[in-house]
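Chains as they are written, first to last, in full-length UniProt numbering: chain F, 1 to 160; chain Y, 1 to 160; chain H, 1 to 160; chain B, 1 to 160; chain E, 1 to 160; chain V, 1 to 160; chain W, 1 to 160; chain G, 1 to 160.
Hints were generated in silico from the structure; no laboratory data involved. Treat the hints with care, since some could be wrong.
Cross-link-like lysine to any residue pairs, in silico, SDA-like; alpha carbons within 25 Å at most [unchecked claim]:
no.	chain 1	residue 1	chain 2	residue 2
1	F	13	F	88
2	E	86	E	12
3	W	143	H	89
4	G	42	V	153
5	B	48	B	131
6	F	147	E	89
7	G	138	G	30
8	F	48	H	144
9	W	147	V	106
10	B	42	E	106
Being a predicted model, the structure only gives us computed values, none of them experimental.
Protein chains: 8
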Amino acid sequence: MVGIIMGSLSDRKVMQEAADVLTTLGVVWEMDIVSAHRTPEKMVEYAKTARDRGIRVIVAGAGGAAHLPGMVASLTTLPVIGVPVKSSNSIDGWDSVLSILQMPAGVPVATMALDGARNAGILAAQIVGSTDERVAQKLAQFKDELKEKVAEMSRQLIAP
Amino acid sequence: MVGIIMGSLSDRKVMQEAADVLTTLGVVWEMDIVSAHRTPEKMVEYAKTARDRGIRVIVAGAGGAAHLPGMVASLTTLPVIGVPVKSSNSIDGWDSVLSILQMPAGVPVATMALDGARNAGILAAQIVGSTDERVAQKLAQFKDELKEKVAEMSRQLIAP
Amino acid sequence: MVGIIMGSLSDRKVMQEAADVLTTLGVVWEMDIVSAHRTPEKMVEYAKTARDRGIRVIVAGAGGAAHLPGMVASLTTLPVIGVPVKSSNSIDGWDSVLSILQMPAGVPVATMALDGARNAGILAAQIVGSTDERVAQKLAQFKDELKEKVAEMSRQLIAP
Amino acid sequence: MVGIIMGSLSDRKVMQEAADVLTTLGVVWEMDIVSAHRTPEKMVEYAKTARDRGIRVIVAGAGGAAHLPGMVASLTTLPVIGVPVKSSNSIDGWDSVLSILQMPAGVPVATMALDGARNAGILAAQIVGSTDERVAQKLAQFKDELKEKVAEMSRQLIAP
Amino acid sequence: MVGIIMGSLSDRKVMQEAADVLTTLGVVWEMDIVSAHRTPEKMVEYAKTARDRGIRVIVAGAGGAAHLPGMVASLTTLPVIGVPVKSSNSIDGWDSVLSILQMPAGVPVATMALDGARNAGILAAQIVGSTDERVAQKLAQFKDELKEKVAEMSRQLIAP
Amino acid sequence: MVGIIMGSLSDRKVMQEAADVLTTLGVVWEMDIVSAHRTPEKMVEYAKTARDRGIRVIVAGAGGAAHLPGMVASLTTLPVIGVPVKSSNSIDGWDSVLSILQMPAGVPVATMALDGARNAGILAAQIVGSTDERVAQKLAQFKDELKEKVAEMSRQLIAP
Amino acid sequence: MVGIIMGSLSDRKVMQEAADVLTTLGVVWEMDIVSAHRTPEKMVEYAKTARDRGIRVIVAGAGGAAHLPGMVASLTTLPVIGVPVKSSNSIDGWDSVLSILQMPAGVPVATMALDGARNAGILAAQIVGSTDERVAQKLAQFKDELKEKVAEMSRQLIAP
Amino acid sequence: MVGIIMGSLSDRKVMQEAADVLTTLGVVWEMDIVSAHRTPEKMVEYAKTARDRGIRVIVAGAGGAAHLPGMVASLTTLPVIGVPVKSSNSIDGWDSVLSILQMPAGVPVATMALDGARNAGILAAQIVGSTDERVAQKLAQFKDELKEKVAEMSRQLIAP
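Extracted from the complex, chain F is given alone in its bound form (with noise of 0.2 Å):
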């Protein structure tokens, strides 16, 4: 299962791009609102317990200087996928992005591009995938799918 969580319910119409596409690929979610900087208790508990309760890989969408993905990553072992989201009280995003990214050595997140919840949920279930042959399928099915639809565009661009 992965666990998909971000800081506000503002977050939640970029984040939902990563639900959607692990669904399409066959892979089990669950959502929850969990902010580093309003609730840094439930996010510790959240991190910690993450293992136990099933997950096998989190994806985590924070903004601004964005310390939720960074600060899951600190309390688990699992893999932490971060996703930087240009919030409204962002720079142009570079502060989310940077303050995902630049994590000192021994405490990796995997950083997606801004605002790139749809690759989050991808990379989650190729995670996933490297084990499990279903979801691998399911990727590979996907993957085709994205050379159609190039092949689809070059049609109505001779023909439109």
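Since chain F is already given, all that's left is putting chains Y, H, B, E, V, W and G on it; use the hints.
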């Protein structure tokens, strides 16, 4: 008392300047290594008990994806001063600055210039001095000395 | 009392948030227009007399080449909180942030996030609350409300 | 097995840290030079056959206009971890970071901090450890050692 | 003939300007959708066969982590012109620019301004025109028209 | 007469270049240490009396949160030339540049390149030379010498 | 007389502010379209004859790779004021600012804030006013009006 | 023939790499010092006569506010390749890159990576090679050697 914390001994060279100027200004301080990412539980403990241990202001230094000042601020109602450190893993200091400065509404961190630990010490003294007349006088005297140094440089310029 | 100043009425929309949260936290404030570049003499007068007029913390907002917070800090020993405003003449806020944050050693400004006036008010209250038990309790209650808001969002997520 | 690749021997000093930490965490790895721009055919071959050769995670390091991690990710369904290298032709690392991080929807790369090869190794182990109990235990032990190092620094600070 | 490619139909609005100015300058072109990340095999095929299909210059547009121009340049000895597109997933265009511009020694991409597809078309014509007198004359005439437009604006300014 | 000021003796190495080129161009100058943040009263005095003391142009150098040029400009109607200094506390010069350049409407500062004190001296001479024929002739001669230096380098290139 | 030039009619909306404030300050001006890239010969002619045509200061506005102010400065000994315009082809104004500001030693351009044409007009008047008493008095009066506007805003704040 | 120009002898160390690779690829070149800001008339002359003197491609290197490549492009219909040089007066190369890259529509400059003179030489050869079979074969051989170097590094990695 002012509590000075940092994530690693390698930050000490920078952070000692906060302690030194506090000594000059007659304010008591203590110092410890507290890492947001390597010792999250110690950090929670430190921040939650700070007020009861007699600390009035916390000065926290960190570099890269610098989460220590903001996380401590989320766990206490004391004023927290953040010093962005240009650590070896930082991209010219931009990550350190943005991940301390850009805190969401509700949880402020008083951010200093890059490597500005000396100013962190002075600000901590100003906070103490806002109600402590003795420290306020030390600060006034400190300001006069800044002026005198410029006057001295001005004399040197003319007759070097 | 907290003194809130800004260079232009156009900054008021942002800066009013500092005043509002101070009211919530039970701290008295006053507000004025003081421009570093258009009324330098008024600024000198304001800063030099602030302590004697009973002000304990100054909150100053400015944008672009934002000199108001730093210049006021050079003229008083009170703690000064700077709010970088993303004004219409600013390059995405970078000038506002850097010209407030990067103060030289000797003259600190407690810098907030871009447009972070609400946090300026909270920090001013934290400074007052470091010795005023009544305000400290209001701050603790404020923190509890932040937590409750996240809990409420968490419930909404599950049963929207 | 984890596959570690880089575009040039000059990146090896950085990338060896990924291999070293994998050895510490009990995960097997192999290493090769694969250049997106100088050996595009070898890169295609490497990426397409990786899963069948028993590789579960690919770690790819590159600098400047860093295309290796993203191109490998386009050619496999395995999780790909990208390490932006601050190579001699890079503009302070910004090009390396952005050309790895900002992947389009559909093709994620788990991006690490600048020169963050050590964290790439740890994340690869976390991915393996999400289903391999033995590696998970090594990771938990590794986390404990991080804590112990801070405790040791804390003792040094008090009695240097 | 000039080959114009882009990763998605959404880039067409920008890239059509290259085609239009080529028509004006009397240079034949073809256009297709080729995605580095979604159709890597098609990209390899396109680049490797371009010279034999009579293409003399390739114009490639891409945004975000923009790998198309650089990867095509790695697979052909034809001159490749890269157009950084300010796509919806780009951080103000910086990722697009840097991931096209900062190519390693050995594999150049002639990089244009952000969204500078019109200039890509003109440069392609200049390359053709460096040995084709007819196109060179069209370019000289095009330059005269630029001058005439300024003269016309100058007249409008005085007598609007 | 041109007045040259800077906040600290450490800026002198850069600022002396303004004085030297003024001497070359036959324009009288004086130099002093005036700090916006450490001697605000001296700065006010300096700026307000400059015109009456016979100064026609003020050259002000400063680094980091550089307030000296802008504050002096707010206190005089003389033209003020600002030199952003890449001081030791500056973030690669960006703070110095932006806090001098981005002045609000009403109070201009003629901003030079980073560490561009030599150009500040030349611009001051150009301002004087706009009505002083003798200085204008020196400037014309100076421009000829720039050309001659290039011609000399051109000769060296061919026969080194 | 002040000569105001710009590369395109689309810059006029910004540049007209320079003309308007010059009119307010009693300084004569003329305006023309001169493009560095589309009419290089006209630019050379304009710059070389400016002094003899009675121009004392040149104000030049340009955006993107903005070469007009610097090239004009290379062709005259008059003071040149550059206005970086945030044109439609500019990356948030950074290219406009840097390609005007960062002139090499020997050829200064007095750079204004982004879109700071109003300040360009004021600086041009200050240059004229450094020897013209009538304009100096207008400038002093202009400064008084800036103060009065702040006083008016201050009154509005209290009794809105 | 390829014409290589630069503003100062200090750029030669970088620009010589263009000449060297052209020699390797069998393309004739000439080199000169031409400064946009110090010898604008020489620059006009150089650019206007280049085609008639048998030059097919111009390679121009410059740093800081780098106007040489763009101004030359405005004066000729030949393809112009710009090399942003990280000169001593540049802000980490950003000014050099942006003032060459961000040319307005109508006047393209084929921009290379920072200090990318070697790639400028290769691109010039590719332009020549688009119609010259002998140079095209040299380029194909050059690409094979790039591959062989990677193969050699790959062997070194395994048996150092």
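Evaluation of the provided hints:
no., hint, in the structure
1, F/13 x F/88, "holds, 13 Å"
2, E/86 x E/12, "holds, 12 Å"
3, W/143 x H/89, "holds, 20 Å"
4, G/42 x V/153, "holds, 14 Å"
5, B/48 x B/131, "holds, 24 Å"
6, F/147 x E/89, "holds, 20 Å"
7, G/138 x G/30, "holds, 20 Å"
8, F/48 x H/144, "holds, 22 Å"
9, W/147 x V/106, "holds, 11 Å"
10, B/42 x E/106, "holds, 17 Å"
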